[in-house]
Structure formats: C-alpha cells, structure tokens
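> Go by the hints and put chain F onto chain D.
Going down the list, the protein sequences come from chains D and F.
Quick note on numbering: the first sequence equals residues 1 to 389 in this note's numbering.
Quick note on numbering: the second sequence equals residues 1001 to 1139 in this note's numbering.
Read the hints as simulated data drawn from the structure, not as lab findings.
Warning: the hint list may mix true and false statements.
To be verified - With the Cβ distance kept under 7 Å, some of the chain D side facing chain F (calculated, not the full set):
hint: 1; residue: 111
hint: 2; residue: 112
hint: 3; residue: 128
hint: 4; residue: 141
hint: 5; residue: 145
hint: 6; residue: 190
hint: 7; residue: 191
hint: 8; residue: 311
Stated by the list, open to error - Just the calculated beta-carbon pair ranges, DEER-fashion:
hint: 9; chain 1: F; residue 1: 1054; chain 2: D; residue 2: 168; range: 18 to 24 Å
hint: 10; chain 1: D; residue 1: 74; chain 2: F; residue 2: 1016; range: 42 to 48 Å
hint: 11; chain 1: F; residue 1: 1054; chain 2: D; residue 2: 253; range: 15 to 21 Å
To be verified - Among chain D residues calculated to face chain F with C-beta under 7 Å, some are:
hint: 12; residue: 116
hint: 13; residue: 118
hint: 14; residue: 126
hint: 15; residue: 133
hint: 16; residue: 137
hint: 17; residue: 144
hint: 18; residue: 184
hint: 19; residue: 240
hint: 20; residue: 273
Being a predicted model, the structure only gives us computed values, none of them experimental.
Built from N, CA and C at the ideal position, the CB exists for glycine as well.
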Amino acid sequence: MGQHPFHDVAIVGIHNTEQARVLEGHDDRSISLQAALGAIADAGLEPRDVDGVIGPFGNDFLYQARIGPAWRSLSALGIPALLDGVTAIASGMATTVLFATGGAGTYTQRASTAPWTRPTNEFVAAYGMYTAGEFALMARRHMHLHGTTAEQMAHAAAVVRNNGHAHPDAVYSGRGPFTAEDVLASRMVADPFHLLECSMTSEGGAAVVLTRADRVADLRQRPVYVLGGGTDYYGPAYQHPPLWDLGGHRRPDLVAGYVGRRAAEEAFACAGLGPNDVDVCEFYDPFSFEILRQFEAFGFCGPGEGGAYVTSGAIEPGGATPVTTDGGTMSFSHGGAAVQLLQRVIRGVEQLRGTCASMQVEGAEVAMCTGGGSGALFTDVVLLGRERP
Amino acid sequence: MTLLTPQAGDIPLPVPGALSVPYWEGCAAGELRFQRCSDCGGATHTPAVLCAHCTSTDLVWEVSSGRGEVYSWTTIWRPATPAFEVPYVPLIVEMEEGWHMLADLVGCEHDAVHVGLAVEVEFFAHPGGITLPYFHPRR
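So that you can see chain D by itself, here it is in the shape it has in the complex:
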C-alpha cells in the first residue's frame, strides 16, 4: 500500500470565540476574523505564515493581513471546507491553510425561527416548513418503519445536553442535568421533536489551521491528523420532500435516510479502520433523532437498532462510543448558518489532544466527526487520529 493521501497534513490550530445567545457588537465578519486570529495563535503561528484561506471571510483575512496572493476556497460548511484545506496541502497548492467561520447579528426577528432555518423555496415556504419540520419528517418515517420511540430520542437529547451542562464554555453550561422525562415534558416544537430535542440558536466564531506535517515540530500544539473523510449529498436542502426512501441510481442500496453511509465507508476505508476503532463520536446533533440515525448509518448498529443503541449506555461518558461531548448544537452552540458545522471537528481535535473541557475520553486515539443530517439531505464525515497516517 502506498503512502496515505493525507500523510503530509496536520491540524495544528483550533479556536472557538465566546459563544452566546447574542454577541453584542459583532457581525459575521468580525467574529469570523476573531476566530481566525485565535486559531493562528493556538497553533503558534503568525498571520503571515498562512498561504491559503477557506470560507466566506478568508478573502477578508488575506486582504487585511496582506498575505495575497494566496490559495482560496469558497467552501463554508465545516467538514467539506476542512477537506478542501487538507487536499490543498496534500496536493501542494498551499502550505498553511486557515478556515474561519462565524455568525452574529443576523437573527433579529425573534418571533420567527432563525433566518437560516427558513428556506424561501417555492415548494416548502408557504407550508411553514423550517429545519425542525424537515428533520421531523425523516424521524417520523423511521418511527413508522422501526417502532423507534419518543423516549429513545429524548434519551439521546438528554445525554448530549448533559455533556453541555458540564462544559464551562457552553451557551447552556449548567442548564441541567436533564432526564429523558424532562425532555419529553418540554413544549412540542415539531412533532416528534420537543424543545429540548432541537438545536439552539446562538452566535459565535470558530476556526482551524492546517499545515504540512513536517512543520509540526516547531509549533505549540500536539498535531492531530486526518485519517479519512467523505461527503454525501442528495440534492439541495429544504427544497424537495425530505423522503427517507429517496434513492440514487448509482448506489440503489442507499437511501437518503441513511445519508452519510457512503461517506463513512469511504472514510473508514481510507483510514483502514471500522466503527469498532472509534473512541469518540463527535456527531452533529441538530435534532435528537439524528444521533440514533447516524449510529445506524455508519454501521455502529443495524437498521432500526439506533433507539436501542442510544439507550444501551454506549453513548454516555464511559460508554463504548461517547457522543457529542460538549453538548453540540443543543447545548454548546449553534453560532449561525454554518459555524456550528465546524464545532464537531474542533471538539474532535480537543479530544485527541486530551484537552476537552467536558467529558474527555481517556486515551482517545480516533474521533469521528460529522456534519449535516437527513432532513438536509447531506452528511459529511471526517476521521481524526493522534497518529500520523
């Protein structure tokens, strides 16, 4: 076997700005740039070391720091953006890549759901659809097919929220602990999802810095490596019926309900690993059901077994596959339209450094980080590791 495709790439800097329900005085640009500086400092680098940028405000950063001409990607969504940076370095297009993202000041009309949850598409908007409803239509189908229960989904939400309860920097730090009964007693948002099964809305920034693996000896942090990754998409989110059985002619065995399975297969194949090798599951958690669904989609359990899996003790701290150890979008932060899609990567890096402020998994060697979800018809996967591949 030849050299691993990401042998020469290392994640060396990460940063979360303050995360809060509202960050007065900030907008998307200012909080993204603050996150950028934090990640560069975390790595022990200077702005002038960056020769590649990703994200909507990467171009602002390279102008302000006068580091052009530089490589640039417009990618914005967490893991795909990270993988753009990984491939840019692996292919020699860039040496040190910054991906910064953030959200602030865009959710002002609070009588409505957040603007990024409400598509203007002609086939959904007039029916009052927003993200919770899209994901609820997927969850309801799974309940119909497999008998998945509200209690099972509520349990998954309680586990994730209790991790955030214990994280000092979570927006909802100290807001718990919760039982499944507490979750089911919260008001209904989009049946079957109660309030405490839904992501929050908040503001904040996040950033990551990648560089060549042969440079890590000079840097501040223990490097973390990319063992494999993949992205699965079925079409534009929130424009078409979120059909569990939506299929594709190239892989008729896969349906949109299990979006992410192909991405996970590819990531595991690249890493030479399988689900049993994963020490910590930093799964994206827009709604409780997505936790169950991902354990099925990625092969940790069989179809329809997600409910039993998440109530088996496996996903709690100390279990075989602890999940979303900072509280995720339900409790840590959902900083805007896209920033939260990078949070799982940041937490995976912290878990492998051994520095996660809540629910650190002792000796974690491999982290599986994800983004997206069935209701949005996409799921992205990346496997991170302590050892250079």
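Leaving out everything else, chain F in the frame of chain D:
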C-alpha cells in the same frame, strides 16, 4: 383539538421559477400537475429538466388524480413566522402515480393524521394571488 384550515395570513408565497410555471398554472386551474417521462413512463416532481428514473429530457406535463397516502408527517407548534396559525401539519404525500410532494393537511383535526392516511388534494386561492395545493382526508 384544532380543525386544520389553509393559511390565509401574510405567509411567504411561492415565486414560480422557469421550470415550475406549468405547475402553478395548473394549481390556479384546479389541476395538480406533475411531469411524465415519454421514454420510460416514470413520474417526476419537483419540476425538472431530467426524468428522475431514466434522465430522459422528454418530460410532458400530466394532471394527477390528486389522490395519495400520507408517507410522513409532522405537527408544527412553533411557527416558522408569526403569520402561520398553529398547529399546522406538513405532510409528505405519496401520490397514486408514484411521486411524492410536500403540502399541509386541512379539513380534519390535527391529531387525525397518521402514516397511510388516504388524502386528496384541494386548492386554496391565497389572497396574495397564488393558488396553493393542500390535502384533506379522503371521504
């Protein structure tokens, strides 16, 4: 218990695109239209340039029976905007011709919905100037 009715308030209304004009013209005429492939016979929705079954570009508009069954549903209690009366019940309907669409349920109590419920289209001329399809239980 809440009798579900069409949303008559200041809700976001569809802006037809180049591909979907025949669909919305059909609604205004009391017809639920979808695209039928002249090559393979398959049905396609939402409006497209490619057949979902064989990628043929030879699609022709056809009028649906308007009948189908609930494939999935949700009851929304936190509205997308204050213009929506709650609760409302978005459905995915599996139409008799084998295609799926999203619309809200009307004409029954909100808790009458279940997967497999037989439904039929009805049309509501919104005061904003566009006619929207909804579904009610088949009687």
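> Against this structure, judge whether each hint is valid.
Status of each hint after checking the structure:
no.	hint	in the structure
1	111	holds (5 Å)
2	112	holds (4 Å)
3	128	holds (4 Å)
4	141	holds (4 Å)
5	145	violated (9 Å)
6	190	holds (5 Å)
7	191	holds (4 Å)
8	311	violated (23 Å)
9	F:1054 <-> D:168: 18 to 24 Å	violated (56 Å)
10	D:74 <-> F:1016: 42 to 48 Å	violated (29 Å)
11	F:1054 <-> D:253: 15 to 21 Å	holds (19 Å)
12	116	violated (12 Å)
13	118	holds (5 Å)
14	126	holds (6 Å)
15	133	holds (5 Å)
16	137	holds (5 Å)
17	144	holds (4 Å)
18	184	violated (14 Å)
19	240	holds (6 Å)
20	273	violated (34 Å)
In terms of the numbered hints stated before, the structure departs from hints 5, 8, 9, 10, 12, 18 and 20, listed from lowest to highest.
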